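Chains A and B are the protein sequences, given in the same order.
Residue 425, in this note's numbering, is where the first sequence stops; the numbers in between run on with no holes.
Residue 1242, in this note's numbering, is where the second sequence stops; the numbers in between run on with no holes.
The calculated DSS-like cross-link candidates involving lysine-lysine, where the alpha carbons are at most 30 Å apart (straight line), are:
id, chain 1, residue 1, chain 2, residue 2
1, B, 1019, A, 96
2, A, 217, A, 272
3, B, 1017, A, 84
4, A, 133, B, 1019
In short, the hints are calculated from the structure, not lab data.
The structure displayed is predicted, hence computed values, not measured ones.
The primary structure of each chain is shown beneath.
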Amino acid sequence: MRPDLKWSDGTPLTADDFVYSFRRLLDPGTAASLAYFLYMLDNAAEVNAGTLPIESLGVSAPDPATLVLRLARPYPYLLERLLYPTGYPVPKHVIERHGDAWVKLDNWVSNGAYTLEDWQPQAHVSMRANPHFYEPPAIAKVRYLPVPNEQSGYNRFRSNELDVAAGFPSGEIATISRDYASALRTSDLLSMMYLVFNVQKPPFDDVRVRQALSLAIDQEILTDKVLRSGAKPAYSFAPALLSDYDSNKLPHVDLPMDERIATARQLLAQAGFTSDNPLKVTLRHLSGLEAKRVNLAISGMWKRVGINAQLHQADLKTHFSDLRQGDFQVAWAGWVGESNAEHYLGLLQSDIGNVNYGRFKNTVYDKLMQQALNEASFEVRNSILSSAEAVVVHDYPVVPLYTSSVRRLVSPKISGWHENLRDMHQVRYLDWK
Amino acid sequence: MRKYIAKRLGYAALTFFCVVTVVFFMVRLAPGGPFDSMRRLPPEVEANLQAAYGLDKPLIVQYATYLSNLAHGDLGPSFKQKDFTVGELVSRGLPISVALGAMALALALAIGLAVGLAAGLTPGSLLDAVLMGLSNLNIAIPAIVVAPIMVLVFAVFLSWFPAGGADSAWHFVLPTIALALPYSAAIARLTRSSVAESRFEPHMATAVSKGLPRRRIVVRHLMPIAIIPVLSYLGPAVAGLLTGSVVVEQVFDLPGIGRYFVQGAMNRDYTLVMGVVIVYSGAILIFNLLVDLAYAAIDPRIRFD
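Work out the full structure: start from the sequences and follow the hints.
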């Protein structure tokens, strides 16, 4: 660790603070919902379950500038994982003094480039430069405004109340490319939007039916004609954006659409669905304009192969609660996150729990995934993951649709804003032009 | 009178209790829970969260705990905004919602009474037709349509007002107007018909024959009677202003409690939804009582015995 780290009240920040923070995160009494982000630490799950004492967690500080993390099994993505707030330190000296009130404005202490100046829920979070940070930021004061929706943020950007807007309504993209071209920033987001089949429910236990539904979907139309938001078509379940990973595309991806439709009709006929006895499907999706348009387009594509799809929308909590309970036939789902393939491929492991919404199971796949998870070398791990994906791609448990894009408005007065796959933009690297 | 108030307070308390009970169980019936998301929570984490928020106990025990805390003025922790309690969130948002509601009510009354009086004194005239036409338009177009148009025109294009926030009095101008408009129209219509009818009451003829000045007749003899229907409308109007503020606060980005209502419900933030419901229903019950008491104060024909 750097030797010159300090909290914003001047107290030195040492490796002990990290030991305290990681133990606190995994302490069952803290009830941290993201505690599992550090389950790769030795004994972490047991500590979090309360079956082992906190001191047995695989973290120690032999001296104030050295932090040692002991892992339960190889985890080559550790450094990236530590970038999440679950890897940040919390001020032991403040928490011990103030208890739960350590997050209150008067007690707030930070170890970042900024520290809290004011915080009114829903109104604003104001920050000023932390005098004890080792590198003073160029912008001394920052105000975050939590807006209730994209339209509101877009309005406030246009009336010059905001220098950066985290998003805007997707329908405005044409206006913005014309009137605010110098402010528009779009970038890919590491994510996967996909359809999942409930393989427990007939007829979706039949791979021919799943394949037919997959064949009929034209991902390019979804991104280029329907969304037009900068989203990119996806043909593999692990996003193509992942570095150092060979993703496995759907086998039919290079076939012309006519041929795909003919094959789909054939497969459906083999499974017993013809124009006299058409397949009826309920497609569940999240409420919201964008999801609605995508899913309407999909039901239109299915119509071409003789499938009658009915749409069923619900709010986020209801939608994913139903998915976890397996209460669906085919459903739209999304996964956003880290830059490693197992983050996505793990969703198809049979022992992963109810986030494998379709209850898909392939023992060969499971075995390969287990093998990958115990591999320390990044290259070997990725190549095993890739061969696992190659196995599962013929089972059609999911239909990859697209990877999302993020759209921001950044005032041309600001410099230092760089697009990146994780969409992280730290204010301390920004400056006024 | 005192007996009447005591009886009404008793009913109000009973209604309040029923609302709290129904909402407590209803929010918990909605699918999904406060800690669900797309991500998977390991069972250990789930268990820790359930224990920390008392969700592992039987529902009836949770209910009893909630009521007992409520009796002590404790609205509990927010399930989603972990750095604030529901009490803190409500107490910071409430002044903004109250200011917005009070200003909108005042504006609605000022416009509505003036327009209604002007139209009601000359029923059938051109002035009456124009004013009532505008009022009908105002009632027909809800705030969810008017408010975004106001933001676009007056904030984004003309830059006369800010597009959102509550940093100054200036920020309240557009939301107050947007919220007040439909209510001013309803009040105008009520006042108009009531004024038009009351003109022929016997005591009005007496006042005219006594040779009182027109201004005095209108203010002292006509208005107290004509205002009664408006007064009874104030109860539902306040309820409407509260729910209307849910929309207006969203559009104008005001940090009031209206936004918590929607957010809390979407997030299954049980305690936050309860907190807002308690404030809303309390406000509505108290206001209805005040309105009833005001009848007696204004109309000498009404007595509560």
